[in-house]
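Peer 1: Make the full structure from the sequences, and use the hints.
Spelled out from the first residue to the last, the chains are:
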Amino acid sequence: MDITNMMKQDITQRVYDAIEKAKQLQPQLNAVVTFVDVEEQLKQLEGIPSDAPLYGIPVVLKDNVNTKGVLTTASSRILSNYIPVYDAAICEKLKAAGAIIIAKASMDELGMGGTNLSAYTGWVHNPYDTERISGGSSGGSAVLCAADVSPLTIGTDTGDSIRKPAAYNGVIGVKPTYGRISRYGIIPYASSLDHVGYFTTTIQDAAKALHVLAGRDDRDMTSSYEPVPDYEALLDQDIKGKRIAIIDNVQEAIQDKAIVESFNDLTQKLEQRGAQIEHVRLNDDLLSVLLPTYFIIANAETTANHSNLDGIRYGVREDGDSVEEVMINSRTKGFSANIRKRFVIGSYSLFVENQDKLFRKAQKVRRLIVNEVKAVLDQYDIILTTAAPTIAPHPQDSVDEALSDTYLIAENHMIMGNFTGYPCMTMPCGFVEGMPIGIHMMAKPFAEQTLFNIGATIEAETGLKGITAEVKA
Amino acid sequence: MEQMNKAYFQKLARQLMFDVSDEEAEQLQEEFEILNKQIALLEKIDTEHTEPMIYPFEAETTFLREDQITQTISREDALKNAKAVMAGHVHVPKVVK
Amino acid sequence: MNYETVIGIEIHCELKTKTKMFSGAPVSFGAVANSCVNEIDLGHPGTMPCVNKEAVRLAIMAATALHCEIDPLVKFDRKNYYYSDLPKGFQITQQFHPIGSGGYVEIETDEGKKQIRLNRIHMEEDTAKQFHNEEGTLIDFNRAGTPLVEIVSEADMRSGKEAAAYVEKLRSILNYLGVSDVKMEEGSMRCDVNISLREAGSTVFGVKTEIKNLNSIANVSKAVDYEVERQKEILEQGGTIIQETRRFDEAQKATVSMRKKEGNVDYKYFPEPNIPPIRLASDWIADIQAHLPELPDQRKERYQSEYGLNDYDAGVLVNNRELAEFYDEVCAHTSEYKLAANWTIVELTAALNKLNVKPENNPCNPLHLAEMLQMIKEGTISSKQAKIVFEEIMQGKDPKQVVAEKGMKQMSDGNELLKLVNEVLDNNPKSIEDFKNGKDRAVGFLVGQVMKASKGTANPAMTNQLIKQELAKR
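Chains S, U and G are the protein sequences, given in the same order. Here numbering that gives the first Met the number 0 is used: the first residue of the first sequence is 0, the next is one more, and so on. Here numbering that gives the first Met the number 0 is used: the first residue of the second sequence is 0, the next is one more, and so on. Here numbering that gives the first Met the number 0 is used: the first residue of the third sequence is 0, the next is one more, and so on.
Don't take every hint at face value.
Taking lysine-lysine pairs in the PhoX-like style, the calculated list, with each CA pair at most 20 Å apart, reads [claimed, not checked]:
id, chain 1, residue 1, chain 2, residue 2
1, G, LYS429, G, LYS472
2, S, LYS239, S, LYS92
3, S, LYS92, S, LYS67
4, G, LYS260, G, LYS78
5, G, LYS454, G, LYS418
6, S, LYS356, U, LYS43
7, G, LYS221, G, LYS231
8, G, LYS405, G, LYS383
9, G, LYS15, G, LYS128
10, S, LYS356, U, LYS93
11, S, LYS67, U, LYS79
12, U, LYS10, G, LYS17
13, S, LYS332, U, LYS82
14, S, LYS67, U, LYS82
15, G, LYS128, U, LYS79
16, G, LYS451, G, LYS435
17, S, LYS42, S, LYS67
18, U, LYS82, G, LYS396
19, G, LYS405, U, LYS93
20, G, LYS399, G, LYS386
21, S, LYS332, U, LYS10
22, G, LYS17, G, LYS128
Since the hints were derived computationally from the structure, they do not count as laboratory data. Note that this is a predicted model, so its numbers are computed, not measured.
Peer 2: Rendered as structure tokens:
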């Protein structure tokens with residue numbers, strides 16, 4: 000149910016219904032880490048104008064969004080007892096808009112992963128087929144939106160962590176421009192790639208949500224001064240003359256015929272509505288190094304970002320005879336093997352003797368990739384691609400962000416949105432084998448309105464506006 | 000360069016204040032083999048006249064925070080997540096260094 | 000063999016700001032443990048740094064006074080290491096782009112003025128404070144995140160004396176600027192000294208040791224002198240110096256080893272992704288530079304050119320900023336500059352010592368001292384009387400009132416004094432005899448007798464003149 004329709008219901012009823020539904024689905028989906036007490040929040044609504052955009056709307060936060068006084072674990076053992084002493088900037092924005100936070104959603108440990116299999120509370124199940132994964136790292140949030148628990152759930156996206164699960168779960172996933180939404184209070188993964196975003200089931204809700212969440216925050220020095228338009232009021236389905244680029248290298252790499260067909264079908268419809276569709280190619284050499292470039296930068300930044308997790312001031316502290324031992328024991332037990340291995344790789348690439356060859360090299364290649372994308376967007380309004388090359392896989396078939404010998408451009412192309420910081424959105428465009436599939440759009444910096452406008456057209460064409468999953472018991 | 004054996008990775012892990020098991024160190028060895036192949040691919044990209052990209056947007060800011068007290072948390076909040084507290088301080092076993 | 004001592008110094012100074020370098024929590028010395036912190040200082044997950052404008056302003060002032068070149072594009076980097084006093088597991092500092100580079104500090108040496116070159120001055124954040132006891136370590140995070148500047152010299156110093164002079168001069172400059180409390184004993188200024196010896200004439204550096212935590216300037220020179228001798232002894236016996244960190248033990252008056260340096264630690268510096276480059280407005284920088292307070296060298300120069308003080312007196316005053324400021328205030332009320340300097344340097348310092356009061360708590364009202372100096376000048380009171388008046392001024396009293404109360408008026412009435420002089424001459428015929436026989440010191444004796452008879456109130460100059468006049472008549 001979208002926000003507009005939900006607004007018609009009784010406030011207390013809808014909030015408690017949402018919690019009830021999440022609780023009922025928890026055994027099948029395992030998407031929630033912590034349920035949040037809403038009583039006090041409902042009382043505080045009295046101080047908020049009743050026409051606030053999210054007045055009394057139940058929302059879900061990914062568990063890396065700090066909530067004062069409410070357990071925030073980032074799905075990691077080391078933070079499994081952490082009670083934040085402050086609220087993330089977006090919590091303040093959501094509360095001011097009248098939103099009621101009902102739950103903290105599961106994620107890949109510290110955001111590092113694309114499957115949600117690494118969550119400390121166990122993997123999250125896809126509401127369309129609980130044998131399949133949700134995708135990650137914002138898996139819990141994607142699933143709770145897709146299962147119609149909440150019309151707006153918050154996620155974060157460092158390397159497609161909103162957009163991939165959105166595609167797998169048939170919801171809209173928005174990763175706005177870097178700096179559009181404050182990151183203050185979001186437990187980081189890799190600072191230069193991290194974005195705050197969200198899931199909705201309609202474009203209208205997506206437009207509404209960005210207006211609430213976006214804006215300059217002095218606590219995040221990278222947050223933007225760019226004015227925040229009223230995206231919802233400015234929604235316009237007329238896409239005549241819009242220039243849309245399709246990346247052939249990406250599309251050619253997709254092997255699932257049904258997914259290719261669905262994509263081609265959609266582009267034809269957009270053309271019929273007056274959009275100009277053109278095919279472009281990106282430099283193959285650059286595309287082939289997308290993943291190592293990402294892997295090196297992300298791991299380097301994350302090893303530093305998580306050096307604060309030592310069990311001393313907060314988090315799970317393991318005993319030891321000296322403070323060094325306490326730190327070593329806490330960090331060894333506190334992080335899963337995968338995370339520790341990433342830290343080792345990240346640290347290795349930062350050594351003085353390796354930086355030129357690894358970290359700085361990756362940062363240089365990042366610039367070349369960004370230039371390549373920018374050159375396309377200088378000519379076009381959006382870049383349109385298939386979001387994911389497959390439907391949500393079963394856990395044993397899933398591929399993660401880990402390095403691989405094989406060329407996985409179809410799987411990884413969305414991380415270009417993190418390199419560039421440009422706004423991106425995935426949305427459902429059909430079903431294959433009963434599972435949702437999605438398309439992905441990227442626009443010029445701060446041109447989220449373009450994404451919403453073209454998205455609204457696509458929504459009209461696909462008829463998938465507000466679609467949610469019926470979870471089988 | 001040092002040999003990338005298990006001991007090497009275990010040493011790197013120690014510098015990061017954690018341990019990796021023998022098995023994990025072996026996995027790291029394998030991952031580094033892949034990484035080195037990927038680095039070889041990266042090396043083929045000509046970046047001679049390219050500066051590292053540190054931020055997605057490189058516009059300079061002029062913003063600096065005014066020197067006014069904005070947030071303080073209570074002493075209770077500062078200490079409440081610490082496992083051991085003594086006399087209003089965070090308490091840890093002796094620092095060896 | 001002849002050895003040359005090579006010394007480089009790193010100094011950390013806490014900047015006098017209201018809030019931390021990257022957070023809006025208050026900076027305060029001596030507050031209750033963990034009461035001046037917020038989530039940023041504690042390195043809680045999700046926190047982000049936000050640069051303090053005042054810290055940048057103070058750093059610009061310091062960089063300017065030290066003749067550094069200022070980089071108007073401010074950037075920060077992460078220095079990665081794990082320690083329980085470092086909440087984030089990295090320190091935010093300016094490794095790659097310090098706010099100031101180059102520059103120098105001019106010191107006085109036995110061979111004259113010498114410039115000690117600076118490598119850089121950069122901004123960074125302080126760590127938490129740890130207390131060690133039998134039960135373990137206690138951590139107070141109040142200091143964590145306090146703004147610091149680190150000033151790194153080139154290895155230009157050649158003796159303990161030069162090292163001490165450098166630290167003293169730097170401290171004085173920063174103190175005059177008002178950018179830091181520069182209290183070494185309280186840790187608001189911390190000094191690490193790198194020392195090595197090399198064969199005289201050689202251009203290669205020897206193995207160096209680093210002496211940490213020197214808590215006074217006297218200890219800087221003592222520690223260096225000790226360390227130089229220690230290294231010399233080792234080298235002369237054919238030994239090698241071990242690269243290590245040492246500390247100065249006051250009781251032993253010796254440097255003792257703290258830890259060996261196992262190669263160079265790799266701090267894996269990389270640019271801080273959460274702080275974009277900050278462009279400082281050129282007119283803001285220019286404005287800060289144009290309004291720099293008077294620096295010690297400038298003040299000394301002024302004391303010599305405007306007040307006619309000699310090099311020594313000007314130096315003594317300038318070396319103590321509080322004293323110099325007091326002196327300036329006195330000079331605002333009198334033109335007896337030299338007299339004012341003497342009284343400030345000698346009598347005031349002695350009085351403060353006697354009262355056991357620090358110059359910053361000086362109870363003396365500069366206007367009162369100026370008035371007293373005027374009375375001396377005009378002959379209203381004698382120098383001897385002035386000392387008594389001054390004691391009362393130090394208690395907060397008005398000199399006019401003291402003089403009136405004690406009936407201290409100097410006897411300057413010609414007739415009265417003439418009467419007294421003739422009485423004295425009458426009673427000392429022997430002295431008149433001596434004078435006539437060419438013994439000039441008889442005059443001095445007679446003046447003394449008049450002073451005695453007047454209980455010290457006779458105007459000495461007038462007395463002298465009258466005695467000579469009356470002697471001539473006899």
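Peer 1: Tell me if the straight-line CA distance from LYS332 (chain S) to LYS10 (chain U) falls inside 20 Å.
Peer 2: Distance ~17 Å between LYS332 (chain S) and LYS10 (chain U) Cα, so the pair holds.
Peer 1: Taking only the CA atoms, is the gap from LYS239 (chain S) to LYS92 (chain S) under or equal to 20 Å?
Peer 2: violated, 35 Å
Peer 1: When you check the alpha-carbon spacing of LYS405 (chain G) and LYS383 (chain G), does it fall within 20 Å?
Peer 2: This hinted pair holds, its Cα atoms lying about 13 Å apart.
Peer 1: Can the restraint linking LYS399 (chain G) and LYS386 (chain G) be considered satisfied, given a maximum Cα separation of 20 Å?
Peer 2: holds, 14 Å
Peer 1: Take a quick look at whether LYS67 (chain S) and LYS79 (chain U) sit within 20 Å of each other, Cα to Cα.
Peer 2: holds, 12 Å
Peer 1: Is the Cα-Cα distance between LYS15 (chain G) and LYS128 (chain G) 20 Å or less?
Peer 2: holds, 18 Å
Peer 1: Could you grab the alpha-carbon distance between LYS260 (chain G) and LYS78 (chain G) and see if it respects the 20 Å cut-off?
Peer 2: Holds - the C-alpha atoms of LYS78 (chain G) and LYS260 (chain G) are around 18 Å apart, at most 20 Å.
Peer 1: Is the straight-line distance between the alpha-carbon of LYS82 (chain U) and that of LYS396 (chain G) 20 Å or less?
Peer 2: violated, 59 Å
Peer 1: Against the 20 Å threshold, does the CA-CA distance of LYS92 (chain S) and LYS67 (chain S) hold or violate the hint?
Peer 2: Satisfied, since the Cα-Cα distance of roughly 14 Å is no more than 20 Å.
Peer 1: Are the Cα positions of LYS356 (chain S) and LYS43 (chain U) separated by 20 Å at most?
Peer 2: holds, 11 Å
Peer 1: Are the Cα atoms of LYS17 (chain G) and LYS128 (chain G) separated by 20 Å or less?
Peer 2: Distance of about 19 Å is within 20 Å: holds.
Peer 1: Holds or violated: LYS67 (chain S) and LYS82 (chain U), Cα atoms, limit 20 Å.
Peer 2: holds, 18 Å
Taken one by one, the earlier hints fail for this structure at numbers 2, 10, 12, 16, 18 and 19, listed in ascending order.
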